[in-house]
Amino acid sequence: MNTNLYNYLLGIADNSLILGQRLGELCGHGPSLETDIALTNISLDLFGQVRSYYQYAAKVAGDNRDEDTIAMMRPEREYVSVLLVEQPNTDFGYVIARQFLFDVYHYMFLTELQNSKDETLAAIAKKSIKEVSYHVRFSSDWIKRLGDGTEESHKRIQNAINDLWTYTDELFHQTEADKEMINEGVGVDTSKLKEQYYKHISEVLNEATLVVPDLKYFQKGGKQGMHTEHMGYILAELQYMQRAYPNMSW
Amino acid sequence: MIEHADIDTELIPILDKVSDPEIPVLTILDMGVVRYAKLVDDLVFIKITPTYSGCPAMDVIADDITTAFKKAGYKVNIDLILTPAWTTDWISEEGRDALEKYGIAPPLEADADKEALLGNKRIVKCTNCGSHNTKLVSQFGSTACKALFQCEDCQEPFDYFKCLK
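Residue numbers (the working numbering), protein chains in the order written: chain S, 1325 to 1574; chain A, 124 to 288.
Chain S extracted, bound-state conformation (with noise of 0.2 Å):
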């Protein structure tokens, strides 16, 4: 097996996975209907990515391993998304702050990705990039509205920035598996990314009104399978069907 290639799918997949989850928990509980359904809209479409990555992952395998064992069996420590995923809706602020956070983010990884010299991943790339113009579409136009809304939807989305600004940089760590997958033209390499993405999101962030956070100091570890206390509710709630009654299906 690829031990590389097949972590370096992880690596993508469990972001989309975890979020999606985390967006999810607000089907039937979003602060307005229209709000409700775009945010599971949007959980539907990384489910589905997360689908093809962890079916090729499944391939690379070659064992008795498949797309569901992958997705939902897997231990905590062996989940390698990044902190920012599983940060908590706290409110409406926090989920729109994460979401555009991640969105920016996901939209310029994927936009590299079509070029990967492995025609799955840019196969995925090309399709899941369409359905990630959306999300940072909305995302960023919701930013606009509460950063330049009222004094109370001013304040809550600049908090939420604040406090998820710490998880940014981990975006662009890389793992052993990043950097030999980059070595080989598969890979994207996100080092590159970076100065882009802080530019973009400060513009979105001053157009909204909002002060982009000066922090020195950021939070890393999920990467290498070390999260926060809000993953191991987030799998409880994912694997209990799984972990209940293996094998099921319907």
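In short, the hints are calculated from the structure, not lab data.
These figures come from a predicted structure and were not determined experimentally.
Glycine residues also receive a C-beta, built at the ideal position from the N, C-alpha and C atoms.
Incorrect hints may appear among the rest.
Said to hold, decoys possible - Below, simulated DSSO-like cross-link-like pairs (lysine-lysine); rule was C-alpha separation at most 30 Å, straight line:
no. : chain 1 : residue 1 : chain 2 : residue 2
1   : S       : Lys1383   : S       : Lys1479
2   : S       : Lys1540   : S       : Lys1518
3   : S       : Lys1450   : S       : Lys1468
4   : A       : Lys244    : S       : Lys1516
5   : A       : Lys288    : A       : Lys248
6   : A       : Lys258    : S       : Lys1454
7   : A       : Lys248    : S       : Lys1383
8   : S       : Lys1544   : S       : Lys1503
9   : A       : Lys244    : S       : Lys1523
10  : A       : Lys258    : S       : Lys1468
11  : A       : Lys198    : S       : Lys1454
12  : S       : Lys1518   : A       : Lys288
13  : S       : Lys1540   : S       : Lys1523
14  : S       : Lys1450   : A       : Lys193
15  : S       : Lys1441   : S       : Lys1540
16  : S       : Lys1450   : A       : Lys194
17  : A       : Lys237    : S       : Lys1523
18  : A       : Lys244    : S       : Lys1454
19  : A       : Lys288    : S       : Lys1468
20  : S       : Lys1503   : S       : Lys1540
21  : A       : Lys258    : S       : Lys1479
22  : S       : Lys1383   : S       : Lys1454
23  : S       : Lys1523   : A       : Lys288
24  : S       : Lys1454   : A       : Lys161
25  : S       : Lys1468   : A       : Lys244
26  : A       : Lys237    : A       : Lys224
27  : S       : Lys1523   : S       : Lys1503
28  : A       : Lys198    : S       : Lys1383
29  : A       : Lys237    : S       : Lys1518
30  : S       : Lys1523   : S       : Lys1450
31  : S       : Lys1383   : A       : Lys237
32  : A       : Lys237    : S       : Lys1450
33  : A       : Lys161    : S       : Lys1468
34  : S       : Lys1441   : A       : Lys224
35  : A       : Lys161    : A       : Lys198
To be verified - Among the chain S residues that face chain A by a calculated CB cut under 7 Å, a handful are:
no. : residue
36  : Tyr1330
37  : Leu1368
38  : Gln1373
39  : Ala1447
40  : Lys1451
We have chain S; now place chain A onto it with these hints.
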């Protein structure tokens, strides 16, 4: 760029009976999700591509295709392909008309679509009264491929099929 699907003429009548489970007025050929269909001896090879990655209709479509070909006396082998990625350009003219009659405004071109979805311009035509005085209610609708609009003249709420390129 329009990518033509590669479909054996004799298989079209069978595929034409399979409808999209979420938009039953459209056949899967109208939707452009069938990219390849070839008969080799008594085995039919089919390639379908999803509209959206998470589209739950794909499994149903694959089942319906299998059933339709079994009925016609063929064995069938279905592959799901991701590339080239589906685009709303592949919806046929008949499909666009059927969508509109069904109450779903067909997709605009990419630039116009963006203006409509950002609420900058009133250009989406009401499927009920034909007015363009319509407003965006939600960028996302009842399924991933649609947005929700409302007509300000006749007040009818309706779906708009988003442009995907």
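### Query
Given the hinted pair Lys1441 (chain S) and Lys224 (chain A), is their alpha-carbon gap at most 30 Å?
44 Å, violated
### Message
Just to be careful, I want the Cα atoms of Lys258 (chain A) and Lys1468 (chain S) compared with a cutoff of 30 Å; is the pair within it?
### Response
19 Å, holds
### Query
Taken at face value, is the distance from the CA of Lys1383 (chain S) to the CA of Lys198 (chain A) at most 30 Å?
At roughly 26 Å apart (the allowed maximum being 30 Å), Lys1383 (chain S) and Lys198 (chain A) satisfy the hint.
### Pair hint outcome, Lys1503 (chain S) versus Lys1540 (chain S) [Cα-Cα no greater than 30 Å]
25 Å, holds
#### Entry: Pair hint outcome, Lys288 (chain A) versus Lys248 (chain A) [Cα-Cα no greater than 30 Å]
21 Å, holds
### Task
Below or equal to 30 Å on CA atoms is what counts here, so check Lys1523 (chain S) against Lys1503 (chain S).
Holds. Lys1523 (chain S) to Lys1503 (chain S) sits at ~24 Å (cutoff 30 Å).
### Given pair status - Lys1540 (chain S), Lys1441 (chain S), alpha carbons within 30 Å
36 Å, violated
### Query
Can the restraint linking Lys1450 (chain S) and Lys193 (chain A) be considered satisfied, given a maximum Cα separation of 30 Å?
At roughly 34 Å apart (the allowed maximum being 30 Å), Lys193 (chain A) and Lys1450 (chain S) break the hint.
### Hint consistency between Lys1383 (chain S) and Lys237 (chain A) [alpha-carbon to alpha-carbon, up to 30 Å]
38 Å, violated
### Task
Below or equal to 30 Å on CA atoms is what counts here, so check Lys244 (chain A) against Lys1454 (chain S).
22 Å, holds
### Query
If you draw a straight line from the CA of Lys237 (chain A) to the CA of Lys1450 (chain S), is it 30 Å or shorter?
Answer holds: Lys237 (chain A) to Lys1450 (chain S) is near 19 Å, not above 30 Å.
### Query
Does the interface hint hold: is Lys1451 (chain S) within less than 7 Å of chain A, judged Cβ to Cβ?
Result: holds, 4 Å to nearest chain A Cβ.
In the structure shown, a violation is registered for the earlier hints numbered 1, 4, 7, 11, 14, 15, 16, 31, 33, 34, 36, in ascending order.
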